[in-house]
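For this one, chain A is given, so just place chain B on it according to the hints.
Protein sequence lines, in the order shown, are assigned to chains A and B. Residue numbering for the first sequence follows the working numbering, starting at 1 and increasing by one per position. Residue numbering for the second sequence follows the working numbering, starting at 1001 and increasing by one per position.
Incorrect hints may have been included.
[As the list claims (entries may be wrong)] Simulated crosslink set (DMTMM-like; lysine to aspartate or glutamate; CA at most 20 Å straight-line):
(1) A:185 - B:1039
(2) B:1136 - B:1102
(3) A:185 - B:1128
(4) B:1005 - B:1042
(5) B:1137 - B:1157
(6) A:167 - B:1173
[Unchecked claim] Away from chain A, derived, C-beta distances all over 10 Å, residues of chain B:
(7) 1020
(8) 1023
(9) 1040
(10) 1067
(11) 1069
(12) 1106
Since the hints were derived computationally from the structure, they do not count as laboratory data. Cβ coordinates follow ideal geometry from the N, Cα and C atoms, glycine included.
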Amino acid sequence: MKSRIAIAATLLGAALIPSLALAAEGGVEERGTWGALLFYVINFLLFAGILWKYALPAAKNYFKDRATGIRDTISKADAAFRDAQVLANRAAERMAKLDAEKSQISSDLADETVYQIGRIYDLAQESAARIKRDAEISAAAMAENANRRVREALAHAAGRLAGDLVKSNFEAADQTRLVQGFVEKLGEEAGR
Amino acid sequence: MKSSKVAKRYARALMGLSSDHAQLEAWGVELERLARIVDSPEVAAQLESPAVTHALRMQALGKIAERLDLSFPLRSFAVVVASHGRVADVTAMAESYARMLDDLMGRARATLTFAYPPTDEDLARVVDGLAAIAHKKIIPTTKVDASLVGGVVAELEGKIYDGSLATRLADAERRLSG
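So here's chain A without its partners, still in its complex pose:
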């Protein structure tokens, strides 16, 4: 800030001093061209000295700072560019990998699908065989059950019929014969 104020004051002074010199021209008696030239030369030298003393370091500093700033900016831009390059490379790698991964997943999915289809087919075959076996067993059991029921019904009917026949035709002699048979069995039992 101070250097800027100094620079501004120097430039303003350099601009006003020749004006003062010119403004005083009318009041000075003309003494020839060499004196005026010397005045201008001295004036110029003063102006140049002041510039050399005050404006040049400030300008140097300014340009130096500016160059440093530009270099920093360029350096940062380079770094950012490199980072972007790295990211771009990574993205490219990822894209390449993504394609490989995609094809791997696709291949895995195809394999899994084939495996699952095979498994479902096997399970379906097993289920079909089991259903068939169960159906056969059930059918056999139902047939056996039906046969047994028919046999039982027939036996029951036959038994009832036989009982009715025996009752209707039973005579005293039959009872005597049954008792005789019973006594013979008792005799066999006693003989053991």
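For chain B alone, coordinates are given in the frame of chain A:
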């Protein structure tokens, strides 16, 4: 089970009072009569009532024995049973006594169930057949059960001898039904 053991002990004690078979038989008949009276619902209800005192129960059983005109040993037996609070076991005692007496006399009781009322000849044949098995004299109790259809069923010493037509028909039916 406990009651049965007690009844056996009392029956054995009564039997030990004499070795005269005729007297033991007579006591058996008397004990049977006493058991029948004591076991009748109206008498049993009175004797087992908590309102009747022990002394009154003894006195009542003594009077029952007297009314039944039981012999002295049986009257004493009845009073002893009452004094020990075993009136409810008199029927079991009579049964145990009858079994012991049967064993002593070499006889067995059999229940014969006929499909039709048996002739004397049929009854005698069945009794002889059972006697041959048991090697004892058989005292039969006869019943008639028309559901047997024909033949006879005998129960002797806990074993059943089945000669009925109903059982044969049932067997045939079972064989037919497989």
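We went through each hint and held it up to the structure:
At roughly 39 Å between alpha-carbon atoms, residue 185 of chain A and residue 1039 of chain B are farther apart than 20 Å, so this suggested pair is violated. Restraint check for residue 1136 of chain B and residue 1102 of chain B: satisfied, since their Cα atoms lie roughly 9 Å apart, inside the 20 Å limit. Pair hint residue 185 of chain A plus residue 1128 of chain B holds up; C-alpha atoms about 12 Å apart against a cutoff of 20 Å. Restraint check: the Cα-Cα separation between residue 1005 of chain B and residue 1042 of chain B comes to about 26 Å, which exceeds 20 Å; the hinted pair is violated.
Between residue 1137 of chain B and residue 1157 of chain B, the direct Cα distance comes to roughly 12 Å. Compliance with the 20 Å bound is thereby established for this hinted pair. Restraint check for residue 167 of chain A and residue 1173 of chain B: satisfied, since their Cα atoms lie roughly 16 Å apart, inside the 20 Å limit. The claim that residue 1020 of chain B is not at the interface with chain A holds, since no C-beta of that chain comes within 10 Å of its own (minimum 32 Å). Every C-beta of chain A lies more than 10 Å from that of residue 1023 of chain B, the closest at about 33 Å, which supports listing it as non-interface.
Taking the minimum C-beta to C-beta distance to chain A, about 37 Å, the non-interface status of residue 1040 of chain B holds against the 10 Å cut. With a closest Cβ-Cβ approach of about 44 Å to chain A, residue 1067 of chain B is found to remain outside the 10 Å limit, as its non-interface label requires. The Cβ of residue 1069 of chain B sits about 41 Å from the closest Cβ of chain A, beyond the 10 Å cut-off, so the non-interface label holds. Against the 10 Å criterion, residue 1106 of chain B stays outside the reach of chain A, whose nearest CB is about 16 Å from its own CB.
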